[in-house]
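Trainee: Given next are the chains, with one letter for each unit.
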Amino acid sequence: MSDLSSLQAKKESQTKTQPGTPAAEKQSRGLFDRDILSHAAIDAVKKFDPRMQIRNPVMFVVLIGTVITLLESAANPSVFSWSVTIWLALTVLFANFAEAVAEGRGKAQADALRRMRSDTEARRLLPDGTEQKIAAAELAKGDLVICEAGDIIPSDGEITEGIASVDESAITGESAPVIRESGGDRSAVTGGTKVLSDHIVVRITSERGHTFLDRMINLVEGAQRQKTPNEIALTILLAALTIIFLPVVVVLKPFAHFAGADVSVVVQIALLVCLIPTTIGALLSAIGIAGMDRLVQRNVLAMSGRAVEAAGDVQTLLLDKTGTITLGNRMASAFLPVDGHSEEELAGIAQLASLADETPEGRSIVVLAKERFDIRERALGAEHVFVPFSAQTRMSGINLDGREIRKGATEAIKQWVTQQGGNPSTDLDHLAEKVAMSGATPLAVADGPQLLGIIELKDVVKQGIRERFSQMRTLGIRTVMITGDNPLTAAAIAQEAGVDDYLAEATPEAKMALIKAEQEGGKLVAMTGDGTNDAPALAQADVGVAMNSGTTAAKEAGNMVDLDSNPTKLIEVVEIGKQLLITRGALTTFSIANDVAKYFAIIPALFVATYPQLKALNIMRLHSPQTAILSAVIFNALIIVALIPLALRGVRFRPSGASAILRRNLLIYGVGGILAPFLFIKIIDLVITALHAY
Amino acid sequence: MSFTWTLITLVIMLAIIWRFLGKYMASVYEGRIRWASFIERPLYRLLGVDPESEQSWQRYAAALVVFSGMAILFTYLILRLQGHLPFNPQHLPDVTPALAWNTAVSFVTNTDWQSYSGETTMSYLSQMGVLAVQNFVSAAVGIAVAVALIRGFSRKGSRTIGNFWVDLIRGILYILLPISFLAAIIFMAQGALQTLAGPAHIHDALNGVSQTIPRGPVASQEAIKEFGTNGGGFFNANGADPFENPTGLTNFVSIVLILSIPVALTYTFGKMVGSLRQGVAILTAMTIIFGCWLTIGAVAEHQANPAVTAAGLTHQTSGNMVGKEVRFGDTSSVLYNIASTQTSTGSVNSASDSYNPMGGFATMTGMMLGEVSPGGVGSGLYTILLFAIIAVFIGGLMVGRTPEYLGKKIQASEVKLATLGALVMPITVLILTAVAVSLHSGQVGPLNKGPHGFSEILYAFTSVTNNNGSAFAGINSNTAFYNILETVGLILGRFAIIIPTLALAGTLGAKNVVPASLGTFRTDKPIFVGLLIGVILIVGALTFFPAVSLGPIVEQLTNGKFF
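Protein chains in written order, with the numbering used here: chain A, 1 to 694; chain B, 1 to 563.
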């Protein structure tokens, strides 16, 4: 025993020197942490590698253009051509930087997780009952390991024996320990978490390198990041907008020649880079990475970007009543006496019946009695026996000084009273029905043969949930409450919470059927779940958010895991999904709208020597053709940097109808996108002119 | 009739046609109209087609391409052999190979670009037997493609998009033939020619002058020329020739005919996708663009011609009457030419070449927007739907959902096909123009130098690639160089848009339908109309601004001001 305690002490000291957990990391690192920025600056240079650039067709064209202007500048050097070359190179650099910054926070987090994973030692249980110490990395699927207080659980697994409190803060950032026990839906443990008390035997369920922690590292780091469907579609549009401008710019040469003018290659490339959608091209991947990162910040791990995007498309949300819509436990909300008993009398007996009852319902009765009638908790004499709830009797209670106090289901208590020689009043049925109708659960209370009345146990609907649902409705999302309650109770709670529909007396099969029916109708469905019997439905749903507290089966079936195990977060996930798409759309619009002003800067500059009358198109009154072209190029580069914060934070999203959102974004990014460059190109032109560079 | 009343009457007429022809066309293509089945059924038997069996998009496209290829070949052969064939009272020789090729491709692609003068080149057999026939079938092909695309939107989980042969035959039989027949009677009643007798030889004894006046079956070709947005005139002067377009009434009827099918197809679209409002939205976008371009053209041509002013002629008529028929005046001429250039018709009743720079700008840029306002028969609708998909994609992202149009998710393959279809035209126009201005054979084409000469070349390739067929004129394009280079534009402008469009119909038809909710980007609201117009204008402006600034814009600025 002393060995064990010293071991524990040692481990604890190790824990203290351990580097910051991801949770701590999250708090310390903002989006633009200096450390991240300096790393990003280095990465931005590394990203000039053409093999990386080719993945982004728009920026690849800029890179090639830069190389051509570089060669041209070397052959025919001029301040102008060198300036253009430098600013084109900066355009690529800024794009790289945007991506590097977006990756930065994830990388830092992954490093922290990786340090946690390294060299844990495992105590493998051999078939003959002896123990063997091996490195966690050598564990195979199916091995049994022993973990005791203070041990780090070496890999993902399921508890086969025992119960323990586990500190999962390393993964979830939540410091309160959780209870894990063999059997049932609370048997899963995650590698890297720490056992705080007791002794458990764990069967390893993950292969090496495929543990939850490994997956988490990959996800936050974005190692296996793949383009999502909308990202692919957008990339195609951007590629098309790049391809179309190639002939537009190339044919300028013969066109100019026919008019008796000439256009230099440097100017052609400058125009090309200004016209192709570099702004969105540069920020596209940063937007995607940042979207995933925003989920991670909210402690949700999405297994793929596709899942995040699907979240934005969801039209039906299936929400478990318990824990999502209601606080999870039913709470005593009223004492309803019968047969002329007073409320206070009923409260007193009910409190006695519940004093030894440690269930949340029981506690809530004691609390209500105190609140309403100031009935204090009493010390019970030695002569008391607690009668626990059983499925046979459907009652619990206390035997105290010869009194037999019981509380339980109405039918059960009626039976009990009759057995005791009492006469259950007809009032009771009436009252019980009324309580059930209102969505609450009636709990009858009897003192021996004497029936006192009913305690109303109410599902307490979470504060603010009604507003959230009405926001969902304006977004066009239908909310469906899933509950095991009877239809009567379900209807009452559904109404109180403001959900659009409910599925009462839900079985896993009914849930599955509901998801399939919605999908048949073309809708995308999101749901949360934690139990093993939720797994098929989680897999079927387009967005399945598994609770981290749930079983391994559930976590593997879903495409997201909520580390906080807070089902309400599904709503936030949907919002993040939408915000991600909106940010992409808004910056695309902005990027295309910008082209109008750039044309007005560059076209007159191109041909004004041949056709002086084109000066009329120089509506910004830019100083000279060279400053005009250079100003457009500089604007084009700087706008990328200016929009990095927006790309990473996402466009402001307030839940409202599609038309309102569109109107607002079109106004800001469409109309704004047309006007802004006129102003800024003019300012840049004034600055360049003031510098007397030309 | 004043211009205002002309416009009001036009709008009322088109509103009626929109409602009734649109509904009728939906019934035709949904197979509910059967009054000509006694002709229809034998035709299917003849072709070996089972009218009940439908085709996948690939088979539909293959049938369309094979049919068009055969049509080009057949037309080419007849033109090449016309000297040896009957109905040739003027004893016109065989058409030269380059010109026959150009003309065959041009008529099969619904373009009707004419590098020749009809009265001195084509026999009656060529005019009636092949060119007018192509006016019918090429129009029917265009509508068929539009209907196939509509089916893609209106169906769900479908592997087929209709039967090309059925759509082709029904379009000709139930829509094009009967209405053209009625219209031809109006033209004849107003004095358009319709005869198989050869040219009239007239000797004016009083003045001692002999004249040969060409004649022919004009009215019958005139009707389908306008109704099928073909535009190929019987005579060189096209809509300005009094034997083709004798009166103010026929001028007005021509404009109505030109706009009928493209406008009414928006009703057909709304009807077939189950929401008329969707059709109204598309029509609104078309109308706004049309209105803007008509205004630019009308204002420009209402100004004095600067060349005439420079010549010191102070007593000008109101507006620029150079190159215009006095019978129609400046505004009705502009209305006709704008209607014709915005619909891929290409028939003209006045010379665009003699328009003021901004008038020429209006006819040229009207085509550069992709012929979508309201565009050619069928092609106008399917092209604007390609733009609608792009608009929906950008707008849809901005509301935070995978974009969807009429319940169909717009994803990678849709974006790919829509952008392909929308960008073929500008790329082709720019490259062909660049080739022409770079080579000597091209440079000698235009009769003018400088910006105006550039406009003439740019206009020619814009016209052929948009399958419009109108000529700016002022360019001698009946050379082997132009005849052959133009067919590149003709073919790409037609089939490189039709094939992606049919592919789109296929992918859309196979998709499930996402039910609309509050979170859906509504495509039947003004904001969508605005976005659609914005996308069309921005794509057009971004691709053609440099080219146009070297042509009409420079010309206009040379005159010192815009308007």
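Quick caveat, the hints were computed from the structure, so don't treat them as lab data.
Mixed in with the good hints, there may be bad ones.
[Said to hold, decoys possible] Quick look at which bits of chain B chain A covers, simulated, 3 or more residues with Cβ under 8 Å:
{"no.": "1", "segment": "197-203"}
{"no.": "2", "segment": "397-405"}
{"no.": "3", "segment": "544-551"}
Quick caveat: nothing in here was measured; it's all calculated off a predicted structure.
Where a beta carbon is used, it is the ideal one built from N, C-alpha and C, also for glycine.
Trainee: A separate judgement is required for each hint: does it hold in the structure or not?
Mentor: Checked hints:
1. 197-203: Our answer is that it is violated, as 0 residues pass the Cβ test (under 8 Å) against chain A, missing three.
2. 397-405: Since 6 is at least three, the answer is holds.
3. 544-551: holds (count 5)
In this structure, the one hint that does not hold is number 1.
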